[in-house]
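If you're matching them up, the sequences are chains U and G in order. Per the numbering used here, the very first residue in the first sequence carries number 1; after that it's consecutive. Per the numbering used here, the very first residue in the second sequence carries number 1001; after that it's consecutive.
It should be emphasised that the hints constitute simulated quantities derived from the structure, not laboratory data. Take these hints with a grain of salt, some might be off.
Each pair of labels, with its calculated beta carbon distance range [stated by the list, open to error]:
(1) U:V25 - G:V1272: 14 to 22 angstroms
(2) U:P181 - G:R1208: 34 to 42 angstroms
(3) U:P54 - G:A1056: 50 to 58 angstroms
(4) G:R1283 - U:P54: 53 to 61 angstroms
(5) G:E1030 - U:V28: 42 to 50 angstroms
(6) U:V25 - G:A1137: 16 to 24 angstroms
(7) G:S1129 - U:G104: 52 to 60 angstroms
(8) U:G15 - G:R1208: 44 to 52 angstroms
Note that the coordinates shown come from a computational prediction; the quantities given were computed from them, not determined experimentally. C-beta atoms are modelled at their ideal positions from N, C-alpha and C, and glycine is treated no differently.
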Amino acid sequence: MTRKRHQRHPLASVGLHLALALAAVVAVFPPLWLLVTSFKPTNDSFTTSLFSHPTLANYTHVLADTPFLTWFKNSVIIVGLTTVLGVFLSATTGYAVSRFRFPGMRPLMWLLLITQMFPVAVLIVPLYNLMATLGLLNQPAGLVITYLTIAVPFCAWMMKGFFDTIPVEIDEAGRVDGLNPFGTFWRLVLPLARPGLAVTGFYTFVTAWAEVAYASAFMTGEDNLTLAGGLQTFVNQYTNDWGSMTAAAVIIAVPAALVFAFAQRHLVAGLTAGTTKG
Amino acid sequence: MVAPVVLVIGVIIGFPLVRGVFLSLTDANEANVQRDIGVNHIPATYKFTGLDNYTAILTDDVFWNRLGWTVLWTVACVSLTFLLGLTLATMLNRTLRGRTFYRLALILPWAIPAFISVFTWQMLYNEKSGLLNKLLAGGGIDAIPWLNDPTWAKLSVIAVNVWLGVPFMLVTLLGGLQSIPGELYEAAEMDGANAWQRFRNITMPGLRAVSSTVILLSTIWTFNMFPVIFLLTRGGPGDATEILVTYAYRLSFVNSPRNFSECAAWGVLILVLLSAVAVVYRRALRKQGEVW
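The shape of chain U in the complex, shown without the other chains (with noise of 0.2 angstroms):
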């Protein structure tokens, strides 16, 4: 804060406002309209009016008459899982790959890295033949098992980024206190790296609670669907209920919201740590 920017020039000013508001606009505007859309009647959905007949019969009609709450209900499940699964996995992997040096710890840094650039196509297949193999497919456990395998690897990484930066010698004085080795990690390093565990539970939530593909690919049949499959099913070539879609996607936009809005103080300081200190 130099004295020189304090006398920024006051058109300099407007316009900094005038472009930040639109870009703000331009941000908000579309889940804006997402809701206001969801508060008016069926037939009013594509109106330009704000608020003509506002009802929440959109709602009500979601809830009551759709499968939507088992579709909530098997996301809660399957991401829940999910989440504490990976959160497990990829602190212990981080740690491990942070604090010991083991053959193969190299090659296994490159799969964890490398893992970012699979696409979809590599590993739905297999994934697709293996869950069928196992009679996982229309099992919550086997898209559990799928997000596994897309979230934990860029969780280690980051984990091991957090790991780090925190000092050696705390492992070290909590071996002389007696703790053993998995002691020392749960106790003394994991909570000084609650920031990395919010990250990390912050991304493996969004990512399975957003994810598509896996969802339709592996999940059929009314009931088996998660939320990012039902929704599919308001809007197609078949049916056109925007109404139901517009209320079903508040709903499910409002967690994911609330979760981002918890972790977001700590996002940057996460993917920083975990991809500039590799």
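Starting from the known structure of chain U, fit chain G onto it as the hints suggest.
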């Protein structure tokens, strides 16, 4: 403690990867893989065919056409996202009133699951009654077939992807900007450097580590961006917006009969392409003295 971790990672990533590469060397499809119909167990009858899938793909125009559009899509999306993200981050890094408000508003698209945003855009793009065309009609302009004309569809999917990607760029670049010490700018001002010189000689080098990482990540993510194209246009009209990933998905999950081996071969090719990009990019960075 290491062993179980390595084991789990190896199983959930290594196994499907190896199996994917193996499948790409066979002629597996829906009709000849192992399956159970009722109580009958039908064993797999597909054969090893070596590199046949790869020669078939590489000698076919479809692959090269899709690759051309995928590269265009990636370059357009990443460069636009980066430029917009950098511009907005620089603006937000000034002292100004309402900074927190602008920041929260600008990262909102990140907080909403991508498939929800894509559905919303689909609604806005709707040719007959979508909001965009209604606004144009209000200005006396003819409706634009946003998703039904090859060129407009391409522009539309790029616009949506840029809209989705800017928040990530903005947040990471803002983090990078804030880590550049303010004294550098003060010293430069004392020496009479103008705004552009300060940007070129302090901001750009200061951001290099962060920006090289986010550019690589966002290149990889955009190259493989499935939901935007799959949900917005289904690759259409025709196959105008089909990128490599959505095309490969179509081979084994939309088309019938499902062609598992060809899909796997496309996947391996995509992986090879991306790895090559990453290696070249890393090497270029290392030449400039980056430790990354």
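Hints and how they fare:
For the hinted restraint 14 to 22 angstroms between V25 of chain U and V1272 of chain G, the CB-CB distance of approximately 42 angstroms leaves it violated. The hinted range of 34 to 42 angstroms is satisfied by P181 of chain U and R1208 of chain G, whose Cβ atoms lie roughly 38 angstroms apart. Taken as a hint, the range 50 to 58 angstroms holds for the pair P54 of chain U and A1056 of chain G, whose Cβ atoms sit roughly 57 angstroms apart. For the pair R1283 of chain G and P54 of chain U, the supplied restraint of 53 to 61 angstroms holds, since their beta-carbon distance comes to about 58 angstroms.
Distance hint check: the CB atoms of E1030 of chain G and V28 of chain U are about 45 angstroms apart, consistent with the given range 42 to 50 angstroms. With their beta carbons about 20 angstroms apart, V25 of chain U and A1137 of chain G fall inside the hinted range of 16 to 24 angstroms. For S1129 of chain G paired with G104 of chain U, a C-beta distance near 58 angstroms keeps the hint of 52 to 60 angstroms intact. At about 28 angstroms, the beta-carbon gap between G15 of chain U and R1208 of chain G misses the expected band of 44 to 52 angstroms.
Hint check: violations occur at hints 1, 8; the rest are consistent with the structure.
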